[in-house]
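Colleague: Residue-level listing of the chains:
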Amino acid sequence: MQLEDSVRPTALEVDASERLDDRTRRDTMTINMGPQHPSTHGVLRLVLTLDGETIIKATPDIGYLHTGFEKTAEVKSYFKALVLTDRMDYLAPLCNNLGYSLAVEKLLGIDVPERARVARVILVELQRIASHLVWLGSSALDLGAQSVFLYCFRERELILDIFELCSGVRMMTSYIMPGGLQADLPDGFERLTREFLALFPGRIREYHDLLTNNRLWIDRTKGIAPLTAEDAISFGCSGPTLRGSGVAYDVRKAFPYSGYEQYDFDIPIGANGDVYDRYLIRMLEMEQSLRIIQQALDRLPTGPWQVEDHKIVPPHKFEVSSNMEALIHHFKLYTEGYRPPAGEVYVRTESPKGELGFYMVSDGSARPYRMRVRAPSFANLAALPKMIEGQLLADVVAAIGSIDIVLGEVDR
Amino acid sequence: MTNETGQEPAGALATPVNPLAEATAALLKDQFGARVREVVEYRGETTVRLAPDALVEACRALHEAPSLRYDMLEDLTAVDWLEREPRYDVIYQLLSLQTRASVRLKIQVGGEDDPDPEVPTVMDIWSAADWFEREVYDLFGIRFTGREGLTRILMPSDWVGHPLRKDYPISGFSLPDPHWAGQVPLNQPLDPGIGDLTSRTADGSERPNAAQRSEDDK
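One line per chain: the protein sequences are A and B, in this order.
The first sequence begins at 8 in this note's numbering and counts up by one.
The second sequence begins at 29 in this note's numbering and counts up by one.
Source of the hints: derived by calculation from the structure; they are not laboratory data.
Values in this document were obtained by computation on a predicted structure and should not be read as measured data.
The reader is advised that the hints may include incorrect statements.
So, partial list: chain A residues that the calculated Cβ filter (under 10 Å) puts toward chain B [to be verified]:
#, residue
1, L114
2, S241
3, V368
Don't be surprised by glycine CBs; every beta carbon is placed ideally from N, CA and C.
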């Protein structure tokens with residue numbers, strides 16, 4: 008019958024053995040993870056080649072957030088380029104401010120008053136805790152632990168309140184500037200910080216209760232995405248990513264700046280280089296930061312919080328309207344800026360993510376000839392394929408969370 | 029520009045104050061002689077300028093020197109001195125985690141007759157060089173030889189030019205309108221994602237806009 012002929016399924020004529028073969032063949036598949044993916048913490052794209060669930064090859068693709076900060080800085084005065092640094096590692100703006108300020112101060116050959124130095128230490132250690140809280144909350148959220156996220160952001164808000172009190176801004180403070188601080192520490196700073204110091208140790212215990220001995224958390228993190236010490240060093244990793252692999256390198260100890268050599272604190276290091284070790288290190292670092300803040304608050308002196316040189320820091324507002332020289336300084340600083348002598352410096356600081364380096368080249372003009380930012384997340388992210396190749400797809404999320412990248416800093 | 033070289037005037041071969049930096053400079057001078065062009069001490073940091081052909085050997089020597097062991101490449105970057113000959117500084121910031129020694133190596137490459145200079149890779153000494161070299165290639169157009177996968181890393185793969193060069197304007201080059209299609213070479217098909225939004229087709233001719241097209245369809 009004609010009808011029967013026309014409805015005969017032609018698919019049957021396809022070589023059946025080949026189709027069967029297709030299904031059982033060990034095949035690889037290439038998939039995109041990101042750039043729009045909640046667990047990539049911004050706009051990271053990973054091109055993953057999979058054999059089943061196992062990752063054979065991982066290629067990070069970055070640059071989606073490239074903003075050209077290094078280029079932009081070349082047309083700003085030193086005074087104005089400061090605000091660019093806030094926006095690189097936007098979870099730790101004060102640490103970037105400090106790195107930049109120290110580099111410019113080194114170019115200028117100046118030193119800041121003791122009050123500024125101690126205040127800077129308090130602020131960047133608070134910032135370190137705030138950054139680690141975002142990391143803890145979001146990386147736990149990636150692995151399905153929702154409540155930790157809410158607790159962490161609750162405590163982070165207390166720190167941001169302190170920053171807002173100081174600078175009027177919660178995040179992009181630009182509060183630490185070359186030559187000292189933008190303004191003196193306000194009334195109430197010490198009280199708020201001490202309140203936080205009293206409150207926070209109990210909160211850290213809460214996080215430990217939620218995660219550290221949690222069977223689910225241990226299963227998802229222990230032995231996952233390991234990185235050997237040799238690889239970590241070779242890739243230029245720093246911060247908790249390097250220390251998780253058992254290498255005791257912390258810039259605050261190795262090359263102390265801002266008076267870190269005067270504080271008594273420890274550097275936690277891991278042994279296995281896995282996600283769990285990197286987790287524990289950041290948890291312990293928050294406790295050490297509290298110790299540093301406590302000591303710094305106890306020694307915080309009164310006195311000037313900026314250098315006296317009004318070629319570098321703006322004169323007080325009330326002087327500008329009454330003093331001719333102050334007016335000239337004000338005008339010159341905001342229009343032209345200052346001119347460090349020609350030369351080059353590399354200043355490294357320990358940001359929450361790792362070693363943040365500023366390589367500044369001055370040609371003797373009022374603008375940085377070159378501002379190079381050695382972003383810790385950039386080097387740490389380069390080691391990601393080494394961590395996850397041979398691991399399971401589901402663990403990529405844990406691995407990315409554990410190196411704590413901020414794409415604003417990776418791409419700059 | 030007040031000072032062409034970007035250096036504070038210093039003696040050709042200054043003696044570093046830091047004993048480890050001194051040992052580093054001595055080791056390099058001993059091994060490479062005249063190929064160590066300059067040792068500069070500035071603000072307590074030591075910069076050793078090398079002849080470009082000594083770079084890889086020097087890096088390997090510093091990496092393996094038993095008393096120094098520069099095991100970490102902290103940073104690798106470049107500086108463009110547009111009017112200088114040779115034009116680019118390529119900078120290697122080295123660190124030893126064991127001895128806390130730190131030194132900056134520098135080579136000078138490029139120039140008028142060598143607009144896209146080549147530098148040998150140090151990727152087989154430090155893995156970190158992979159991404160750092162790609163970044164320098166992307167933003168400065170300095171090619172690193174002897175390695176694979178030297179592609180753009182921050183800019184899109186079809187980008188034209190190298191943004192951190194000093195002759196690359198801060199505002200970018202003026203691009204054909206609409207600007208988001210401006211980087212697509214004319215002989216290549218347009219990204220389907222751009223689609224109807226562009227008025228330029230792949231062969232460079234004007235594409236009828238959406239209103240006109242629906243008019244034609246009638």
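Colleague: Broken hints, numbered, in rising order?
Modeller: none
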